[in-house]
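One-letter residues, chain by chain:
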Amino acid sequence: MLMQSPAIFSAKPAWAPLGVKALYRTSSGDSNSMAAAVPGPKWAQKTITLPPHRRGCHLVTSQILREIRPDLSEFKCGLAHLFLHHTSASLTINENYDSDVRDDTETFLNKIVPEGRSAPWKHILEGPDDMPAHIKSSMFGCSLTIPITDGRLNMGTWQGIWLCEHRDAPTARKVVVTLNGI
Amino acid sequence: MLMQSPAIFSAKPAWAPLGVKALYRTSSGDSNSMAAAVPGPKWAQKTITLPPHRRGCHLVTSQILREIRPDLSEFKCGLAHLFLHHTSASLTINENYDSDVRDDTETFLNKIVPEGRSAPWKHILEGPDDMPAHIKSSMFGCSLTIPITDGRLNMGTWQGIWLCEHRDAPTARKVVVTLNGI
Amino acid sequence: MLMQSPAIFSAKPAWAPLGVKALYRTSSGDSNSMAAAVPGPKWAQKTITLPPHRRGCHLVTSQILREIRPDLSEFKCGLAHLFLHHTSASLTINENYDSDVRDDTETFLNKIVPEGRSAPWKHILEGPDDMPAHIKSSMFGCSLTIPITDGRLNMGTWQGIWLCEHRDAPTARKVVVTLNGI
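In the order they appear, the protein sequences are chains A, B and C. Per full-length UniProt numbering: the first sequence = residues 1 to 182. Per full-length UniProt numbering: the second sequence = residues 1 to 182. Per full-length UniProt numbering: the third sequence = residues 1 to 182.
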């Protein structure tokens with residue numbers, strides 16, 4: 001009966017702990033048929049490979065959802081964790097509509113992280129774009145955690161997932177996705 | 001009996017996995033009375049609306065705790081995830097005592113992200129403060145994950161939760177809070 | 001039998017939810033012997049103290065693994081959360097091989113965050129390095145979430161955990177580690 005209340009896991013200002021605890025106890029009971037009706041805590045983990053993107057900021061929400069949507073739909077409430085396996089690119093959440101916002105963000109990153117002859121870097125063996133790429137990666141970060149609500153990523157209307165490629169040479173990028181919830 | 005050991009979930013350098021596993025098995029047993037005595041894994045999710053704040057950095061720890069403290073108290077060990085639904089503000093953890101630290105941080109953000117006639121932005125339709133706001137949002141991030149220990153957010157003595165409002169026009173901001181633990 | 005499939009929790013592009021759910025139901029069944037064979041969801045939390053490090057960026061992956069490796073090995077799939085209890089240092093993930101990358105990152109941070117007589121800060125009571133330290137802490141952040149796969153932190157080949165000490169006076173730093181998974 002708790003499952004019949006959409007408010008339990010909705011993003012509306014209504015707490016769920018008792019509901020969740022009740023659901024949890026039900027799902028952890030000894031009846032498989034009940035467990036089927038009321039899913040218990042689940043973990044899922046997968047490595048996604050994003051195709052090469054040119055240097056700059058790119059909206060990749062749909063590429064990522066294409067890989068995880070069917071699995072997301074199994075979660076009423078939880079968290080999705082994305083972890084980029086690289087140190088010269090980053091993941092961030094920002095505006096999902098106007099590509100100028102992505103271009104301007106790339107302009108900003110190039111403006112504050114010196115590159116080329118004027119740069120003070122010691123680490124230059126991998127090319128002039130490498131050390132700036134490492135710095136940009138720590139500025140924006142390589143990991144995101146996004147709430148899951150009713151089988152969907154619970155982001156704001158204007159939010160999207162960006163892959164920021166900081167190297168000149170486009171390469172495929174790996175993202176470990178971990179889903180956890182009920 | 002494991003429940004009687006405060007060390008199990010304390011922040012002292014003492015590991016909990018066996019304790020937690022034991023508790024977990026107990027809670028996932030088939031006796032409801034035991035489940036009542038030893039709570040099992042719980043998920044809770046809620047959307048909080050923070051009232052409009054003027055442009056700048058603001059300490060919002062107490063505003064957030066006011067909304068979640070009763071629910072936090074149900075968790076012995078876990079994680080609290082806060083996710084801001086916007087791309088022109090940010091959440092960060094920083095000093096909780098001297099408001100000068102918040103003012104100086106705002107000074108820094110305005111210093112390194114150009115705004116107005118001198119700025120190179122293409123995205124200007126929403127006003128001169130909009131593109132800088134998006135950049136600042138990715139610099140500090142829109143999401144926080146904080147450990148829960150013994151029913152409280154386990155932060156350092158001088159740590160607090162900041163809402164950084166990067167737009168000139170104050171607007172209410174939504175935060176999705178997800179609690180997960182035992 | 002699901003336990004016999006290494007693909008279930010591997011980082012290969014193979015989803016695990018059904019496997020996990022099945023495992024979960026097994027582990028939450030009423031047979032302790034099965035629970036021993038198939039561990040259920042676990043939580044562990046510990047506070048690690050990192051010894052004082054000089055101002056700059058430091059690779060601390062091995063220091064942290066020394067404290068958590070035995071416990072990590074109990075998790076097939078999960079997340080490791082690290083939370084620094086301070087506002088004048090940061091945790092970030094970046095290159096794990098060439099110490100020049102750490103030195104250059106420190107050079108960058110000092111370049112963009114003004115310090116000393118030229119700095120516009122109001123918060124100066126704790127020394128000229130204090131306000132810059134707070135700003136750097138919010139730029140890189142005080143918290144990391146890293147996937148756990150097959151008992152190990154699932155990071156990229158070149159990724160490592162950095163402690164960035166932003167104060168001149170080295171002090172021990174506390175990190176709350178929370179492990180959650182199956």
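Hints listed in this document are in silico derivations from the structure and should not be mistaken for laboratory results. Just so we're clear, the structure is a prediction, and the values are computed from it rather than from any experiment. Among the hints, a few may not be true.
One copy or two, it doesn't matter: identical chains are merged, so the pair holds either way.
[What the hints assert, rightly or not] Distance condition first, Cα-Cα at most 25 Å in a straight line; then the derived SDA-like pairs of lysine to any residue:
#1 Lys122 - Asp150
#2 Lys122 - Asp98
#3 Lys46 - Pro170
#4 Lys111 - Arg54
#5 Lys174 - Gly151
#6 Lys46 - Lys111
#7 Lys174 - Ser118
#8 Lys174 - Leu65
#9 Lys122 - Ser99
#10 Lys122 - Asp100
#11 Lys111 - Asp150
#12 Lys122 - Asn96
#13 Lys122 - Asp103
#14 Lys122 - Thr61
#15 Lys111 - Arg55
#16 Lys122 - Arg66
Okay, the hints, checked on the actual structure:
1. Lys122 - Asp150: Result: close neither inside a copy nor across copies, 49 Å intra and 37 Å inter.
2. Lys122 - Asp98: between (37 Å within a copy, 10 Å between copies)
3. Lys46 - Pro170: within (23 Å within a copy, 40 Å between copies)
4. Lys111 - Arg54: within (18 Å within a copy, 28 Å between copies)
5. Lys174 - Gly151: both (24 Å within a copy, 20 Å between copies)
6. Lys46 - Lys111: neither (35 Å within a copy, 39 Å between copies)
7. Lys174 - Ser118: Cα proximity of Lys174 and Ser118: none, with 32 Å in one copy and 38 Å across.
8. Lys174 - Leu65: both (15 Å within a copy, 23 Å between copies)
9. Lys122 - Ser99: Only across copies: Lys122 and Ser99 sit 10 Å apart there, 34 Å inside one copy, limit 25 Å.
10. Lys122 - Asp100: between (33 Å within a copy, 6 Å between copies)
11. Lys111 - Asp150: neither (41 Å within a copy, 41 Å between copies)
12. Lys122 - Asn96: between (36 Å within a copy, 16 Å between copies)
13. Lys122 - Asp103: The answer is between: 8 Å across copies meets 25 Å, while 28 Å in one copy does not.
14. Lys122 - Thr61: between (36 Å within a copy, 23 Å between copies)
15. Lys111 - Arg55: both (14 Å within a copy, 24 Å between copies)
16. Lys122 - Arg66: neither (41 Å within a copy, 30 Å between copies)
Hint violations for this structure: numbers 1, 6, 7, 11 and 16, all remaining hints satisfied.
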